[in-house]
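Given next are the chains, with one letter for each unit.
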Amino acid sequence: MKNKILPFSIVLVFGIIFYIFYKGLEESNIYAPNINKQNKIPVFITKDFNSGESMKSSSIFKLDKIYLLNIWSSWCVPCRKEHPLLMSLNLENKINIIGMNYKDNDKNAENFLNELGNPYKQIFTDIDGTIAIEWGAYGVPESFIIQNNKIIKKYIGPLNQKLIEEIKLLIK
Amino acid sequence: MKVLQFFLIIFLLFPSNIIKAEELDQRNKITKNLRCLICQGQSVYDSDSEFANSLKILVDKKLEEGFSEDQIYAFLKSKYGEWILYDPELNKNTYILWLLPLLIFLIGGAIIYKNFILRK
Numbered sequence: 001m002k003n004k005i006l007p008f009s010i011v012l013v014f015g016i017i018f019y020i021f022y023k024g025l026e027e028s029n030i031y032a033p034n035i036n037k038q039n040k041i042p043v044f045i046t047k048d049f050n051s052g053e054s055m056k057s058s059s060i061f062k063l064d065k066i067y068l069l070n071i072w073s074s075w076c077v078p079c080r081k082e083h084p085l086l087m088s089l090n091l092e093n094k095i096n097i098i099g100m101n102y103k104d105n106d107k108n109a110e111n112f113l114n115e116l117g118n119p120y121k122q123i124f125t126d127i128d129g130t131i132a133i134e135w136g137a138y139g140v141p142e143s144f145i146i147q148n149n150k151i152i153k154k155y156i157g158p159l160n161q162k163l164i165e166e167i168k169l170l171i172k
Numbered sequence: 173m174k175v176l177q178f179f180l181i182i183f184l185l186f187p188s189n190i191i192k193a194e195e196l197d198q199r200n201k202i203t204k205n206l207r208c209l210i211c212q213g214q215s216v217y218d219s220d221s222e223f224a225n226s227l228k229i230l231v232d233k234k235l236e237e238g239f240s241e242d243q244i245y246a247f248l249k250s251k252y253g254e255w256i257l258y259d260p261e262l263n264k265n266t267y268i269l270w271l272l273p274l275l276i277f278l279i280g281g282a283i284i285y286k287n288f289i290l291r292k
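For the protein sequence lines, the chains are A and B, in the order given. Sequence positions in the first sequence follow this note's numbering and run 1 to 172. Sequence positions in the second sequence follow this note's numbering and run 173 to 292.
These aren't lab readings, by the way, just hints derived from the structure by calculation. Careful: at least some of the hints might be erroneous.
[Unchecked claim] Per label pair, the in silico range of CB-to-CB distance:
#, chain 1, residue 1, chain 2, residue 2, range
1, B, 280, A, 84, 17 to 25 Å
2, A, 57, B, 186, 19 to 27 Å
3, B, 240, A, 25, 54 to 62 Å
4, A, 11, B, 291, 24 to 32 Å
5, B, 280, A, 162, 45 to 53 Å
[Stated by the list, open to error] Far from chain B by the CB rule (all over 10 Å, computed), these chain A residues:
#, residue
6, 80
7, 135
8, 138
[As the list claims (entries may be wrong)] Under 8 Å between C-beta atoms, here's a sample of chain B residues computed to sit facing chain A:
#, residue
9, 180
10, 184
11, 207
12, 288
Keep in mind the model is a prediction, meaning the values are calculated, not measured. Every residue gets a Cβ at the ideal spot worked out from N, C-alpha and C, and that includes glycine.
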């Protein structure tokens, strides 16, 4: 009896380990915890990118409109790739695109917009990255869809054509 | 007189130094218990990534605003979820994590007891 238990348990343990690793292969290794409790947009004080004046978050997001908040930076390479998609989305004029300039140098940011165009209705700055944390962001680029002061969708990383189509469906 | 003035200045400066040091200790303690979400196996304290540096500044700001350690954890948990804390709470998602070591210990103990003590 004892002789049987040992091989059986070894096989069982290896079986479980194999199963776990096999499952792990299938699943994406990017771990994004589900946060469904708090989807209200944060309240913060920031600076307007163009005028440099201090402003409140409540003056940016109005209740009756849909917004796309895009976190961007001139030093961020994926942002460069994503930018033409934002430009084309802006042309359709169905969604207000707001930019959050993340840890950037003003001069570089201006050059970036001059070179690639400015799809943003309004841009505010996040000098030290703390406002991005208030939004629960990990870095640049990141995009949020906001309706009635609530975050209804969040995209980590650059947007692509597929996601843009998804956004278009959302705002219909 | 000058000597006296000198000592008076030092005497007045010292407490503020200590307060500053305590604040730093508190900040380090908190950031050591926060996971740098975009790094691999590093705490916010250890990491020098953009994300971690912003979080350090944020923790400083919150401490200045008078947030307690637990309030800061609660705030970050509401933003990023449980995963940001190195010390997970006991709830229905984490009970296996907490009970498994105890269970393994008990099973192991039972095996040892059975094999070595009962055999004698």
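Results for each hint:
1. 280(B) to 84(A): 17 to 25 Å: Between residue 280(B) and residue 84(A), where Cβ atoms are some 60 Å apart, the hint is violated.
2. 57(A) to 186(B): 19 to 27 Å: Since residue 57(A) and residue 186(B) have Cβ atoms about 41 Å apart, the given range 19 to 27 Å is violated.
3. 240(B) to 25(A): 54 to 62 Å: 43 Å, violated
4. 11(A) to 291(B): 24 to 32 Å: The hint (24 to 32 Å, Cβ to Cβ) holds, given that residue 11(A) and residue 291(B) are roughly 26 Å apart.
5. 280(B) to 162(A): 45 to 53 Å: 50 Å, holds
6. 80: Nearest chain B Cβ is 17 Å from residue 80(A), so the label holds.
7. 135: Answer for residue 135(A): violated, closest chain B Cβ roughly 8 Å.
8. 138: 5 Å, violated
9. 180: 37 Å, violated
10. 184: 31 Å, violated
11. 207: 10 Å, violated
12. 288: 15 Å, violated
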